[in-house]
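The two chains are supplied separately, each in an independent frame; assemble them into the complex guided by the hints.
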Amino acid sequence: MIRLNDVTKIYKGETRAIDGVSLNIEKGEFVFLVGESGSGKSTMLRLFTAEEPVTAGQVHVAGKDLSRINSWRVPYLRRNIGSVFQDFKLLPQKTVYENVAFALEVIGRPKNIVTTQVPAILELVGLSHKQQSFPDELSGGEQQRVSIARAFVNRPLILLADEPTGNLDPNTAQEIMRLLDRINRTGTTVVMATHDQTIVDQMRRRVVALRSGQVVRDEQQGVYG
Amino acid sequence: MRGFVNRAGYFARETWINVRRNLTLTVAAILTVAVGVMLVGLGLMARYASANALGRWQGGVQFEIFLEPNIAGGQIDALGQELRNHPDIERIQFITQDQAFNLLEDMLSDEPELLAEISVESLPPSYRVVPRDAEGELIESLAAQFRQRPGVYSVETGRQQVDAIREWFNSFRWIVLLMSIVLAAASAMLIFNMIRVAMFARRREIEVMKLVGATNSFIRLPFILEGMLHGLAGGLVGAAAAAVLRNHVEELFGRSEILAFFRSFTVTSGQFTTATLATIFMGVIVGALGSAFAAGRFLDV
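Read top to bottom, the protein sequences are chains A and B.
Numbered by this note's numbering, the letters in the first sequence go through residues 1 to 225 in order.
Numbered by this note's numbering, the letters in the second sequence go through residues 1001 to 1301 in order.
Chain B extracted, bound-state conformation (with noise of 0.2 Å):
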């Protein structure tokens, strides 16, 4: 245990003596990691983000049932008695005509001129449809039963919006999942070289270390040990850099009336910190290789 003791106190002493002399490579190796490993924090995140959202939507996923404007009023409760008995049907909601123009009225609250041109008769009364299950097919084939019901103006279900922002999200997370490989290989070979450098100004320590029989391991020790120490640095400066992007991005989404979309694009705190954790470990192996590799190649100075 004493054994353990004095090592640990050696190794400290080392690996600290190693980040003073290159304080200039460090900072660079450090920030190089911050960056790559922020981008994968983010990409971890917006991951999260968009499983929420389209979870959320899927999950409540409804589909409407658009009726003829002049439809009977026996055909409309006709129809929400079969949607209202129909087994894969959980619950239907009814749109009066009135209904939908104030939605409308909602909508279209800065263009009143526009408004002027529309009348409640003119407008659909609906029945939006939760189905049992968000089976995207079963709600395909659901729609498909009710386009040709008389009296059915047309059936809108949300599932090739929410494709189309699953495949946006998708190509997202490529681009940065991308980014933050080259930028974690680019920090990687930049701690290489700093572990390079510093073996190369201790060589002769080094030399006199094998000289009197320490083994490999243990001087390599300090070199790794300072390559997953700016990894850790590095880490937690990029998981520092994504937590407070990521406040930036939800409180520009709450703000602005254009984003408002991506509000529902959001993490949970127990995602934010398993991203932030990852971010953080992500470092330390970037760190770990980028030294180990070193220390293994550079050790006959």
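If we strip away everything but chain A, and leave its shape as in the complex, we get (with noise of 0.2 Å):
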């Protein structure tokens, strides 16, 4: 689903934040990526989205190859792949229906897809009954469920979640790691980069560490570190 071939991220001429990369993730699997601020998790997740061009080597994602992609072809990449961020990016003037429906909508889905899928992924993330609220009313477990659920209601091959549980409390932080499994049982390819030593000791799932931009460590079912 995501293949690296050697790849290398060069910033502005002099910051190597991905230092010849090869790594393969198949479809379904669920992977973290850890390591200290700066050792490239972040950089490598915008590899993925094409936010960023690589400087050298390859990224396979969802069968097209990155560095050769056309940038009109970007936006339909970025259709199969949903992504969540520790500060969950809500519309503020939005309510939680039109946060989810927004992703639905810019994408040009018809109407009657928008009115059945959003309820249903609200549901899944067990916010039916704040459909109506707006993001500041929310607490922030529930903020980013909202922005789980927006990342998964176009029901995308992959999805790319940066630092998820960084502004939420340990239990809260359970609750969103139990909504992210469930996604990754439905076959979604789920790709976390965390701080968050608790939760990935206790989930047991593949462990991609990185420092300074270089892979040095690659487990299945592995712990923090």
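Each hint should be verified, as a subset may be incorrect.
[To be verified] Here are a few chain B residues that sit away from chain A, every Cβ distance over 10 Å (derived from the structure):
1) 1012
2) 1016
3) 1072
4) 1088
5) 1137
6) 1140
7) 1146
8) 1197
9) 1218
10) 1253
[As the list claims (entries may be wrong)] Derived, one-sided and incomplete: chain B residues facing chain A with beta-carbon distance under 8 Å:
11) 1007
12) 1200
13) 1204
14) 1205
15) 1207
16) 1208
17) 1211
18) 1212
19) 1213
20) 1214
21) 1215
22) 1289
Don't read these hints as lab results, they were simulated from the structure.
Beta carbons are placed, not taken as given, at the ideal position from N, Cα and C, and that holds for glycine.
As structure tokens, then:
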């Protein structure tokens, strides 16, 4: 599903954010990217969504070679990838329902799809009763669930999560992990960058550790370190 | 089809949100566009008007052969015969000394003491000549042929006057064109900046849209539509202002004796429609250009 072949990413000609990484993530895997701040976790996620071009090597995502992809095809690639962030990136002037519906509307999905999919996904994340609330009326955990609903409403092949529990207390973080696990069980590939040792140790999934842009450890059913 | 309707609804809603958010800027942009395109419209109408007026003069242009006041009757007839038989001349009209005096009487009706100095006998009779072809060169050559004839006092053609007026209108047109280009550029830049502000205000939404895979054109379209809407509104206001000004000016020409000369400077309703449509179209183009540039440049907010 995601294949990196000797990938290097250099920012502005000096910072070597990713340094000769080769990696293969299969369909349906759940992968933790761990490492200190600045080890290259976020950069790697941005390579997967073609937000950043690679400096050298090849990145294949969902069958597309991103080093050769036409810029006009990038949006279509992103429809196969859901993204979740530490700061949620919800739109404050839109309700929960509208925030999720927005993701379908802006890729031109017909109205009947929107009106059936959005309630279904809000049901899945357990927020059916908060459809008409605004983000600032929700707790952090609820906001993150909205953001996961938005990322998953289009049933992407891949879900990328950048520190999704970074702003949450341990119990809420557990909830979010249960949700991501459920999404993973539907066959969706999940790649999650995190600092959260407890979660990684508890889940016992594949762990890829990065240091200074290089893969220093890659274990199935691994621990934080 | 249903998808298209959905999208049309989305674009209409988003465009309206943008317009409402920046109301003062919107009004400023619309007014600038309006003044700019109004000048374009007026320039265009002035062009039509001058072409119409000059065409009329040139089409029916005559030149006048003034004869010596004491010319013998035989000479007058001989000259008349020659003019009538000339292949390049359409028709002629003889103005007697009495008729010339009547014309002068009309012209000098306000100054009877000046008129009292002039006697009928001192005025030259004349032939008004309409050439077959309103070609300036031809008129000049005809005038030259008859200027040397015995009994001819002088030959007057309208060519210099026509040329002077044409020149005056040309420079007027250039000034208007230049001003409207400057104003069109200013309006485009204003709209460019408005769209930049609008996009900055909505950068979070744009970020999310890019994240979930909205295409660039989908993200840009509401902003471009917004710019075109401003342009259209400006165009409509400008066209209306040009129409009002045109009526005002025509009325002024009609009323004022000093400006009577300009009465022949009118535009037909067809030309007026063309100028109005061009004015509105120009507004839309200005809006589209300004916003398309902005939407193209500031997508990476």
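Are there hints from earlier that the structure breaks, and if so, what are their numbers? 9, 12 and 22
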